[in-house]
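J.: Sequence:
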Amino acid sequence: DVGAQEEPAVAALADGGFVIAWRSLGQDGSSYGVYAQRYDADGIAVGGEVLVNTRTSSNQLEASVAGLAGGGYVVIWQSQFQDGSGRGVYGQIFDASGSAVGAEFRVNETTTGDQDEASVAGLPDGGFVVTWTSSGQDGSGDGVYQRRFAADGSPYVFTPGFVEDGAAVTIAPSLQLGDVDSATLAGATVAITDHVAG
Numbered sequence: 004d005v006g007a008q009e010e011p012a013v014a015a016l017a018d019g020g021f022v023i024a025w026r027s028l029g030q031d032g033s034s035y036g037v038y039a040q041r042y043d044a045d046g047i048a049v050g051g052e053v054l055v056n057t058r059t060s061s062n063q064l065e066a067s068v069a070g071l072a073g074g075g076y077v078v079i080w081q082s083q084f085q086d087g088s089g090r091g092v093y094g095q096i097f098d099a100s101g102s103a104v105g106a107e108f109r110v111n112e113t114t115t116g117d118q119d120e121a122s123v124a125g126l127p128d129g130g131f132v133v134t135w136t137s138s139g140q141d142g143s144g145d146g147v148y149q150r151r152f153a154a155d156g157s158p159y160v161f162t163p164g165f166v167e168d169g170a171a172v173t174i175a176p177s178l179q180l181g182d183v184d185s186a187t188l189a190g191a192t193v194a195i196t197d198h199v200a201g
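First residue of the sequence shown: 4, per the working numbering; consecutive thereafter.
If you are wondering where the hints come from, they were derived from the structure by calculation, not from laboratory data.
Derived Cβ-Cβ restraints for the label pairs, each shown as a range:
{"no.": "1", "residue 1": "89", "residue 2": "129", "range": "30 to 36 Å"}
{"no.": "2", "residue 1": "120", "residue 2": "177", "range": "46 to 52 Å"}
{"no.": "3", "residue 1": "6", "residue 2": "158", "range": "31 to 37 Å"}
{"no.": "4", "residue 1": "88", "residue 2": "132", "range": "20 to 26 Å"}
{"no.": "5", "residue 1": "141", "residue 2": "87", "range": "18 to 24 Å"}
{"no.": "6", "residue 1": "177", "residue 2": "129", "range": "35 to 41 Å"}
{"no.": "7", "residue 1": "50", "residue 2": "108", "range": "21 to 27 Å"}
{"no.": "8", "residue 1": "144", "residue 2": "171", "range": "40 to 46 Å"}
{"no.": "9", "residue 1": "98", "residue 2": "171", "range": "43 to 49 Å"}
For glycine and all other residues, C-beta sits at the position ideal for the given N, C-alpha and C.
Whenever a hint applies, use it, and build me the whole structure from the sequences.
T.: Quick look at the structure:
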């Protein structure tokens, strides 16, 4: 017996259409599940509604959805007990035709306690960023965390341009920025401006 459909989230798509995601009680055979439906620019349904989450045990709810630059979309939700401890944040990418791309994936790296209340936003490069609340991770109540993903769903690897105690970095033909630590240095402010001769 299917119960309520609640917590809708909507996102615009690159082709002028939109997608709606929501939670549905009992439809996936076990408590709440996350479903989605695409619509074209005229508001006409494209295909049927799809079950977003692969794992159906316990609850999957609190959906968030974002359109992606490549024409597809990504749905993020919280899943109960899937990461081994309370709630975790999971996602699934769909292409422009509405087909799932790869398998559902876990967003949060820390699994202790609850990770939930997630939201997602598409990025101009086709990737996306997910923000969520994590209980106890920062040592005091709930904290807010985020993680960036590439268009294929792989976690973005941040490569800093400057590394502590690393070699000097050339920031202009005759200007290098180095890491000089001194036991007597209490603090400093540095301003760099662009100087053009002539």
